[in-house]
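J.: Please build the complex by placing chain B on the supplied structure of chain V, with the hints as guidance.
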Amino acid sequence: MEIVYLLVPLSLVLAFLIAGVFWWAIRRGQFDDLEGPAHRILMDDDRSGRG
Amino acid sequence: MDPGLPTAGELATARDAGLCYHCGLPQRGGGHFSIEIDGVERALCCAGCQAVAQIIVDHGLTSYYRHRSALPAREDAVPPAVRGLGAYDVPAVERAVTRDAGNHVREAALMLSGITCAACVWLIEQRVTRMPGVLGIDINYATHRAQVRWDTHRARLATILEAIAALGYRASPYDRARAEHARASERDGALARLFVAGFGMMQVMMYLVPMYLTNGEMTADIEQLMRVASLMLTLPVVLYAAAPFFAGAWRDVRARHLGMDVPVALGIGAAFAASVAATLGRSGPVYYDSVTMFVFLLLAARYLEMTARARAAMTQEQLAQQAPSVAERYAVWPGSDLAEVVAAASLRVGDHLRVRPGALIPADGVVVDGVSEVDERLLTGESRPQPKRAGDAVTGGSLNVGNPLVMRVSRVGADTVLAGVLRLLDRAAGEKPRIARVADEVAQYFVLALLVTAAMVAAVWIQLDAARALWVTVAVLVVSCPCALSLATPTALAAASGALHAHGVLITRGNALEGLARATHFVFDKTGTLTTGIMRLAAVMPLRGAARDECLALAAALEAGSGHPIARALAAAAPESPRPRCSEVSSSAGSGVEAVVDGHRVRLGAPQFVAELHGQPLPGELESVADDLTAVALGDERGWIALFTLDDPLRLPARRVVLELVRMGKEVHLLSGDRPQIASHVAGALAIANVRGGATPRDKLDYVQNLQRGGAVVAMVGDGVNDVAGLAAAQVSIAMGCGTDIACSASDVILLAGRLDALLTAVRTAHRTLRVIRQNLTWAFAYNMIAVPLAACGYVTPLIAGAGMAASSLLVVANALRLLRPAPVHAGATPAVPAIDAR
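These protein sequence lines map, in sequence, to chains V and B.
Its first residue numbered 0, the first sequence is counted upward by one per residue in numbering that gives the first Met the number 0.
Its first residue numbered 0, the second sequence is counted upward by one per residue in numbering that gives the first Met the number 0.
Keep in mind that a hint or two might mislead.
As the list claims (entries may be wrong) - Covered, in the sense of this in silico footprint (three residues per stretch, anywhere, with C-beta under 8 Å from a C-beta of chain B), are these stretches of chain V:
id: 1; region: 6-16
id: 2; region: 20-29
Unchecked claim - If you want the footprint, here are the derived chain B segments under chain V, 3+ residues with CB under 8 Å:
id: 3; region: 189-195
id: 4; region: 201-208
id: 5; region: 225-237
Don't read these hints as lab results, they were simulated from the structure.
Beta carbons are placed, not taken as given, at the ideal position from N, Cα and C, and that holds for glycine.
The shape of chain V in the complex, shown without the other chains (with noise of 0.2 Å):
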């Protein structure tokens, strides 16, 4: 069981480097347009390589 003295602290110090993460991400904008993208994939211009 000793081996959750390392476990536990490890698992705080990785959830908050993914909090860090996720405040870089909004901070750059990747969900200021939740919608757009979704769409945009659909209207990905492939036609030209089928002729």
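T.: Frame of chain V; chain B shown alone:
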């Protein structure tokens, strides 16, 4: 502004590099803030100064910097929250961001931030209304915008802004770019909080799993480790994610007002503090999981509500963004093709503009050259582009989709239709409907009752079982938060107004939706409402064997010089063939025209007027026709030539609208100023049982008041111009909005683009809105009736309480969101209605 004039040296110093060009303080922003003024890049100290300077530049007021004799208020002198507001004291700036409402009264649109619930709106309204010189403030909860009016002799914009700032909110004159920015940062903040709370919740629950699995076999050391880890994760949730709740509660307490944040903050705070004490003291239960989950679910409900508000306000925002910023102005017109690009704000009445295809029309005006089509969708809800040619009116903000146009400006700035519609929209959302106000008041008493109940529960449980007292009290506080009550009603109203606007119905008063749903009697005006208001030739009855077209050509020739509606109807119906030549044309007002054609005296007009010429009576069978309808006779000395009947054709959807209203159980009345026979004729065609013709404005008012005395809730539908008295007396007034009348309309509901069928959509949506609000209130009360006693008896853990409360909030908000979808329309239910035919 600084007392006393600064020395020339002081001002010169302010203009030096190193000091803020606007306020004269040392630059602290590290050169981040600057603005180009009269072609020179100037450094500024802070975002506040930049915003103000931007306003000054945008409004072409840079001469303020050349002519000012004093620097704006030193920022050190005002509290940080008010920083930058002093600049609005500068008269030039104040003028630029406000609007003159006449008689020492000014009006401004403000953007507010920091509003978290309907109670905040109430708080600001109370504070500002009590200020001397303030004539009124209306706050739009959906868009977080306010309209404030004040007497310039007794109040100033800066003091109003300071008063709002002192309450803990930020207010600034509304500016689109800044509003966009503020909304984006609000959304980012909400998203980050939601994530922190959700992530913390999951991780805390993860630490709980081994405790359940090992069934108490865990050593005390490991258990303590888990608890400390949970504490570490809950700390950011409480301090960061739940911060808005604490801030809101603190604000409520300071204002001696009970909002729903108070019990929430008490619940979170008590549960967290007790858990920390238990962790540090190594004894007693911890409820980190409950705290994090409660915060997460509550934030989720708020986030959803915020999204709903944003969506409801979207049409309005789109409209505001439709205001064009530049125009191409002809320096000389006609004669030169040279056009310069100028700011739309600098346009004047009478300017000639070029509007390229694909460009927005910069201001209201009249087409002077070119033929094109214009898309007025956002203004009128009409999806087809409207054809425009020389002489037609065009509306600023609509889109030219066809060919280049040349237009002459007739209205600019705040006088335009677009500005008028935006003002009406603001007014509608700013006026708090009665139904929302009641919900607010109830919520306040509810919180009070809740706090008293919680205190009693705590007192009782301390006697019974002191160890559980705290947790039971927390559960009671959390489970019964009246969020459903406070959130749901404004959300439902905002969603309904937004959906209706997209369908060409403008709600201009807060109470209009409720009134529409409650209306029992619909009183229609005839001309221009049920009918198009444009005369049309209905039938030609040749009386002397002449051909139909021949009679028409003769009539058109006689009326050639007249602009009378009847003359226009005849001219429109006459064939293009060459018309007989008339001489000695003379018209006698009110009866008709006389002329000599081919050596005969010919008269066109009222049957009596024509009969004077030849002395013969009208053939018997036609006399009733002439009595019943608008009839025009044609004749010469030898006798009758023809009889024309004219009518005002029904609007296409009129019959369906009347039918549907009757089907919904509404009583439909027709009230017309036109001749009784004509009114009955139209009523007959539409199957309206209650009809009254020949009504003067006074009669209309009496008629409406008579119905009201009988207990009716009257909705009056008119064209907004002829029926002012009736419209004002009715509980709900509905106007057919066509073109430019929109801006000055005083009615509660405007059917844009004159679409009568939109009335049905409006009534249906109003019914649905009321139903949704009732469902939500019923749910909120039923939920509390069950949950509070259970919690008080100790059957509800804080975890379940948090989940139940938040789920309840989510449910009511989601229910209100259903209104964003349009009411189901019966497809294919439009029978072709023939115009009333004169037999």
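J.: Against each hint, give a clear statement of whether it holds in the structure.
T.: Outcome of the hint check:
1. 6-16: holds (count 5)
2. 20-29: Our answer is that it holds, as 4 residues pass the Cβ test (under 8 Å) against chain B, meeting three.
3. 189-195: holds (count 4)
4. 201-208: Contact hint for the region 201-208 of chain B vs chain V: holds, 3 residues under 8 Å.
5. 225-237: holds (count 5)
Checked against the numbered hints above, the structure violates none of them.
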